[in-house]
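Enquirer: Residue numbers (this note's numbering), protein chains in the order written: chain A, 135 to 336; chain B, 135 to 336.
Warning: the hint list may mix true and false statements.
[Stated by the list, open to error] Example chain B residues on the side facing chain A (calculated, C-beta under 8 angstroms, incomplete): (1) 186; (2) 263; (3) 330.
[Said to hold, decoys possible] Think about it this way: if two alpha-carbon atoms lie no more than 30 angstroms apart in a straight line, the pair counts; the simulated DSS-like pairs of lysine-lysine are: (4) B:308 with B:331; (5) B:210 with A:198; (6) B:174 with B:296; (7) A:236 with A:189; (8) A:296 with A:308; (9) B:241 with B:331; (10) A:198 with B:206; (11) B:308 with A:189; (12) A:189 with A:331; (13) B:189 with A:206; (14) A:198 with B:236; (15) B:308 with A:215; (16) A:308 with A:331; (17) B:206 with A:300; (18) A:210 with B:331; (19) A:190 with B:189; (20) A:215 with B:236; (21) B:190 with B:300; (22) B:236 with B:300; (23) A:189 with B:190; (24) B:210 with A:215; (25) A:190 with B:198; (26) B:308 with A:198; (27) B:206 with A:210; (28) B:189 with A:198; (29) B:189 with B:174.
Hint data in this document are derived by calculation from the structure and do not stem from the laboratory. Note that the Cβ used here is the ideal one computed from N, Cα and C, for glycine as well.
There are 2 protein chains.
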Amino acid sequence: MVNYPNGKKHTTKDLVTTRQKNSKIEYGKRGMSFEEAIDKTNQYYITHQIAVIHKKPTPVQIVKVDYPMRSKAVIKEAYFKTPSTTDYNGIYSGHHIDFEAKETHNKTSFPLQNLHPHQIDHMNQVAAQGGICFLLIHFSHWDDVYLLPFNQLIVYWDRYMKGGRKSITLTEIKNDGILIPYEYLPRLDYLAALNLKRESED
Amino acid sequence: MVNYPNGKKHTTKDLVTTRQKNSKIEYGKRGMSFEEAIDKTNQYYITHQIAVIHKKPTPVQIVKVDYPMRSKAVIKEAYFKTPSTTDYNGIYSGHHIDFEAKETHNKTSFPLQNLHPHQIDHMNQVAAQGGICFLLIHFSHWDDVYLLPFNQLIVYWDRYMKGGRKSITLTEIKNDGILIPYEYLPRLDYLAALNLKRESED
Numbered sequence: 135m136v137n138y139p140n141g142k143k144h145t146t147k148d149l150v151t152t153r154q155k156n157s158k159i160e161y162g163k164r165g166m167s168f169e170e171a172i173d174k175t176n177q178y179y180i181t182h183q184i185a186v187i188h189k190k191p192t193p194v195q196i197v198k199v200d201y202p203m204r205s206k207a208v209i210k211e212a213y214f215k216t217p218s219t220t221d222y223n224g225i226y227s228g229h230h231i232d233f234e235a236k237e238t239h240n241k242t243s244f245p246l247q248n249l250h251p252h253q254i255d256h257m258n259q260v261a262a263q264g265g266i267c268f269l270l271i272h273f274s275h276w277d278d279v280y281l282l283p284f285n286q287l288i289v290y291w292d293r294y295m296k297g298g299r300k301s302i303t304l305t306e307i308k309n310d311g312i313l314i315p316y317e318y319l320p321r322l323d324y325l326a327a328l329n330l331k332r333e334s335e336d
Numbered sequence: 135m136v137n138y139p140n141g142k143k144h145t146t147k148d149l150v151t152t153r154q155k156n157s158k159i160e161y162g163k164r165g166m167s168f169e170e171a172i173d174k175t176n177q178y179y180i181t182h183q184i185a186v187i188h189k190k191p192t193p194v195q196i197v198k199v200d201y202p203m204r205s206k207a208v209i210k211e212a213y214f215k216t217p218s219t220t221d222y223n224g225i226y227s228g229h230h231i232d233f234e235a236k237e238t239h240n241k242t243s244f245p246l247q248n249l250h251p252h253q254i255d256h257m258n259q260v261a262a263q264g265g266i267c268f269l270l271i272h273f274s275h276w277d278d279v280y281l282l283p284f285n286q287l288i289v290y291w292d293r294y295m296k297g298g299r300k301s302i303t304l305t306e307i308k309n310d311g312i313l314i315p316y317e318y319l320p321r322l323d324y325l326a327a328l329n330l331k332r333e334s335e336d
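My request is simple: use the sequences and hints to build the entire structure.
Expert: Here it is as structure tokens:
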């Protein structure tokens with residue numbers, strides 16, 4: 135263990151979270167954003183025939199499109215729409231997978247305002263059809279990613295809806311979720327974490 | 135049967151397909167487009183807890199966004215991207231569902247150029263994971279919609295890739311697919327058609 139001039143112990147965490155100019159959080163150990171890490175993982179899953187999971191495109195309301203001569207259509211006016219579902223879904227050896235990925239700068243809790251009520255409704259509907267739903271949470275300060283199964287998430291959401299706390303504490307997430315370990319390939323093996331979680335519940 | 139002045143027999147088909155000004159094909163008997171009919175059906179499936187199936191948003195590459203004071207962000211420059219997957223997916227009582235919907239004005243065949251090779255690749259990958267994939271084809275002239283399972287579609291795609299015919303004939307589609315009957319609710323009950331098809335193959 136090396137001690138640095140400021141007297142604090144050096145940990146890899148110190149090297150990690152740096153804001154980029156465009157205010158994206160850099161997903162430190164990998165030199166990529168959280169979203170990029172998920173995309174890379176999904177590419178790995180497809181290439182290795184493990185699963186077929188994609189991010190849905192950002193929903194956009196297109197108002198005006200120009201068709202310049204000899205070049206492709208240009209959208210000149212459009213607006214962001216509120217997504218009606220989660221961002222990711224797909225199939226993993228016969229199982230329907232549906233999840234949302236969220237990032238927080240908070241150190242000790244995940245604010246539930248990060249989720250839309252209709253995303254919770256959507257996961258409820260999918261779970262009722264037998265799908266596997268969960269939330270991936272990136273604590274950017276710690277550069278840690280947790281998988282929280284929907285059946286745990288809904289407990290905290292219901293508490294919030296009934297006037298209880300507006301967030302899930304990191305301690306609760308550590309208890310009910312599972313930390314996704316850092317790996318080289320795939321970058322963020324959330325399906326392995328999911329299996330581990332499911333096995334531990336059997 | 136009523137004979138009309140032009141000497142041709144009257145059928146309901148004559149009343150059906152009319153072009154709208156915006157060149158969308160009106161999905162006649164329902165007074166709605168093919169896509170709207172699918173959307174309505176998916177809404178019905180969700181409301182009645184039959185399935186959770188959504189259309190994916192159109193993929194768009196966003197280049198320039200303005201943030202005017204006190205109003206929401208406006209996308210000022212964006213381009214359409216080629217979709218890397220099919221348009222629709224979701225879950226139906228434990229089964230992962232993945233399909234593409236296409237319309238043709240042709241009377242006697244469906245041109246395979248309507249599909250992108252990567253959409254076929256995608257359905258191949260999903261089918262390998264145990265998902266149920268198919269194509270919905272709307273013959274706008276006849277206002278008939280057929281469901282063609284992927285395992286049949288791939289036969290005709292392979293024929294095309296090997297230099298054979300570039301389309302699937304309506305006769306082939308009638309043989310290998312299933313006509314989705316018109317109904318009031320749900321508008322286009324493709325899951326019922328799917329069940330019928332699967333039962334007939336058992």
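Enquirer: For every hint, state whether the structure bears it out.
Expert: Hints, verified against the model:
A distance limit of 8 angstroms between C-beta atoms decides the matter here; for residue 186 (chain B) the minimum to chain A is near 5 angstroms, and the interface restraint holds. Using the Cβ-Cβ criterion of 8 angstroms, the hint placing residue 263 (chain B) at the interface with chain A is satisfied: the shortest such distance is roughly 4 angstroms. Violation of the interface hint for residue 330 (chain B) is found here, the shortest Cβ-Cβ separation to chain A being roughly 20 angstroms, above the 8 angstroms cut-off. Annotation: proposed proximity of residue 308 (chain B) to residue 331 (chain B) holds, straight-line Cα distance about 12 angstroms (limit 30 angstroms).
With a C-alpha separation of about 9 angstroms, the suggested pairing of residue 210 (chain B) with residue 198 (chain A) holds against the 30 angstroms cut-off. For the proposed pair residue 174 (chain B) and residue 296 (chain B), the alpha carbon gap of about 38 angstroms is over 30 angstroms, so the pair is violated. At roughly 13 angstroms between alpha-carbon atoms, residue 236 (chain A) and residue 189 (chain A) fall within 30 angstroms of each other, so this suggested pair holds. Restraint check for residue 296 (chain A) and residue 308 (chain A): satisfied, since their Cα atoms lie roughly 23 angstroms apart, inside the 30 angstroms limit.
Restraint check for residue 241 (chain B) and residue 331 (chain B): satisfied, since their Cα atoms lie roughly 24 angstroms apart, inside the 30 angstroms limit. A C-alpha spacing of about 16 angstroms is found between residue 198 (chain A) and residue 206 (chain B), which places the hinted pair at or below 30 angstroms, so the restraint holds. With a C-alpha separation of about 35 angstroms, the suggested pairing of residue 308 (chain B) with residue 189 (chain A) is violated against the 30 angstroms cut-off. A hinted pair counts as satisfied when its Cα atoms are at most 30 angstroms apart, and residue 189 (chain A) with residue 331 (chain A) qualifies at roughly 23 angstroms.
For the hint pairing residue 189 (chain B) with residue 206 (chain A), the CA-to-CA distance comes to about 24 angstroms; that is within 30 angstroms, so the pair holds. For a cut-off of 30 angstroms, the pair hint linking residue 198 (chain A) to residue 236 (chain B) stands: about 24 angstroms separates their Cα positions. Taken as a hint, the residue 308 (chain B) and residue 215 (chain A) pair is broken in the structure, with Cα atoms around 39 angstroms apart against an allowance of 30 angstroms. A C-alpha spacing of about 12 angstroms is found between residue 308 (chain A) and residue 331 (chain A), which places the hinted pair at or below 30 angstroms, so the restraint holds.
Of the pairs offered as hints, the one joining residue 206 (chain B) and residue 300 (chain A) holds, with about 26 angstroms between alpha carbons and a cut-off of 30 angstroms not exceeded. Under the criterion of a C-alpha separation no larger than 30 angstroms, the hint pairing residue 210 (chain A) with residue 331 (chain B) is inconsistent with the structure, at around 44 angstroms. The suggested pairing of residue 190 (chain A) with residue 189 (chain B) holds, with an alpha-carbon distance near 10 angstroms, which does not exceed 30 angstroms. With a CA separation close to 25 angstroms, the supplied pair residue 215 (chain A) and residue 236 (chain B) stays within the 30 angstroms bound.
With a C-alpha separation of about 27 angstroms, the suggested pairing of residue 190 (chain B) with residue 300 (chain B) holds against the 30 angstroms cut-off. Under the criterion of a C-alpha separation no larger than 30 angstroms, the hint pairing residue 236 (chain B) with residue 300 (chain B) is consistent with the structure, at around 16 angstroms. For the hint pairing residue 189 (chain A) with residue 190 (chain B), the CA-to-CA distance comes to about 10 angstroms; that is within 30 angstroms, so the pair holds. Restraint check: the Cα-Cα separation between residue 210 (chain B) and residue 215 (chain A) comes to about 15 angstroms, which is no more than 30 angstroms; the hinted pair holds.
With a C-alpha separation of about 20 angstroms, the suggested pairing of residue 190 (chain A) with residue 198 (chain B) holds against the 30 angstroms cut-off. Only pairs whose Cα atoms come within 30 angstroms are accepted, and residue 308 (chain B) paired with residue 198 (chain A) is rejected, the gap being roughly 40 angstroms. Restraint check for residue 206 (chain B) and residue 210 (chain A): the C-alpha separation of about 15 angstroms stays at or below 30 angstroms, so the hint holds. In summary, the hint linking residue 189 (chain B) to residue 198 (chain A) is supported, as the alpha carbons are separated by about 21 angstroms, within the 30 angstroms threshold.
The hinted pair formed by residue 189 (chain B) and residue 174 (chain B) meets the criterion: a straight-line CA distance of about 11 angstroms does not exceed 30 angstroms.
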